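Peer 1: Sequence:
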Amino acid sequence: MILMENTTHYNLRKLTSRYNTYPNEARPVHYHNTSMAQRHREVDTMEQKLDFIMEQLNKLQSLPLQLEAMGTEIKSLKAAVMDMAESVEFMEKEVDCVKQGISKKADKDEVESLEATVSTNNVILLQRIEELENRSRRNNLIFHGVKEVPNQSAEKSIREILSTLMGAENIDLERVHRTGRPNEGTDLKPRPIHARFMRGPDRDNILRMAPSKLKGHFYHGARVFISDDVSVAVRETRYLLV
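Quick note on numbering: this note's numbering labels position 96 of the sequence shown as 355, and the sequence is numbered without any gaps.
Treat the hints as calculated values from the structure; they're not laboratory data.
Predicted model only: the values in this text are computed from it and were never measured.
Incorrect hints may have been included.
Cβ-Cβ distance ranges computed for the label pairs, FRET-style [what the hints assert, rightly or not]:
#1 S412 - G475: 52 to 62 Å
#2 E374 - R467: 38 to 48 Å
#3 S372 - G459: 37 to 47 Å
#4 D431 - G475: 27 to 37 Å
#5 G475 - E392: 32 to 42 Å
#6 M457 - E371: 46 to 56 Å
#7 E371 - R434: 40 to 50 Å
#8 E390 - D355: 39 to 49 Å
#9 L324 - K352: 41 to 51 Å
#10 E371 - E495: 28 to 38 Å
#11 E495 - R397: 27 to 37 Å
#12 E390 - Q411: 54 to 64 Å
#13 G459 - R482: 41 to 51 Å
Result set (DSS-like, lysine-lysine): computed pairs, CA atoms no more than 30 Å apart in a straight line [to be verified]:
#14 K334 - K352
#15 K334 - K308
#16 K406 - K352
#17 K448 - K474
#18 K337 - K352
#19 K318 - K308
#20 K406 - K474
#21 K415 - K448
#22 K474 - K415
#23 K472 - K448
By construction, the Cβ of each residue, glycine as well, lies at the ideal position given by its N, Cα and C atoms.
Using the sequences plus the hints, can you model the full thing?
Peer 2: What follows is the structure, encoded as structure tokens:
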């Protein structure tokens, strides 16, 4: 009995001394279990990475097939576009042929009718232009035979004629000017003067009084005549009627 107890105490001391030989941070039982769990997690992570890599490799392996399919589709589209271009060109040629056929088959009477319509419209248009031109000249008068006095404006000459020869005072003039190139010689016919009146009644009154007021009177030794300002067509018509 004493021998068995001594043997037991001996074995316990032996185990205790062996256990105490390990450092505190490297005791085998606790850290062995932790290392195994970490290894399992690392293995799982590596398997996931391998699966991802294999998936990407499979995609890369299928990429040439996809590119080849896209190239084939692009070629088909190019061919379709070329066919459409040829069809459009053919249709344009057909349209040109139809137009030429229509122009050749046009009825002569229709062409003559169209020409007559255009001619009539041109006449109407010219008449309207002439009417507008005469309206724009409605307040104008033309003074003929007014001698060109050196250093004297056309407006001053007209005002002297209106006040001195015709007794017309306080006449408002909008614009007065001579037409044509300046005369270099004194014996040449003086250029006519165009005078635009501010008020139509003043203009009409001057034109009405001119024959009686200017008869037998001279301005700088020359007779003065006054006429209304109208278009060339109206003047030619009046000349034929005289």
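Peer 1: None of the hints should be skipped; say for each whether it holds.
Peer 2: Hints and how they fare:
no., hint, result
1, S412 - G475: 52 to 62 Å, "27 Å, violated"
2, E374 - R467: 38 to 48 Å, "46 Å, holds"
3, S372 - G459: 37 to 47 Å, "44 Å, holds"
4, D431 - G475: 27 to 37 Å, "28 Å, holds"
5, G475 - E392: 32 to 42 Å, "35 Å, holds"
6, M457 - E371: 46 to 56 Å, "51 Å, holds"
7, E371 - R434: 40 to 50 Å, "48 Å, holds"
8, E390 - D355: 39 to 49 Å, "44 Å, holds"
9, L324 - K352: 41 to 51 Å, "43 Å, holds"
10, E371 - E495: 28 to 38 Å, "30 Å, holds"
11, E495 - R397: 27 to 37 Å, "19 Å, violated"
12, E390 - Q411: 54 to 64 Å, "36 Å, violated"
13, G459 - R482: 41 to 51 Å, "26 Å, violated"
14, K334 - K352, "27 Å, holds"
15, K334 - K308, "39 Å, violated"
16, K406 - K352, "72 Å, violated"
17, K448 - K474, "20 Å, holds"
18, K337 - K352, "23 Å, holds"
19, K318 - K308, "15 Å, holds"
20, K406 - K474, "17 Å, holds"
21, K415 - K448, "19 Å, holds"
22, K474 - K415, "21 Å, holds"
23, K472 - K448, "22 Å, holds"
Consistency note: the structure conflicts with the earlier hints numbered 1, 11, 12, 13, 15 and 16.
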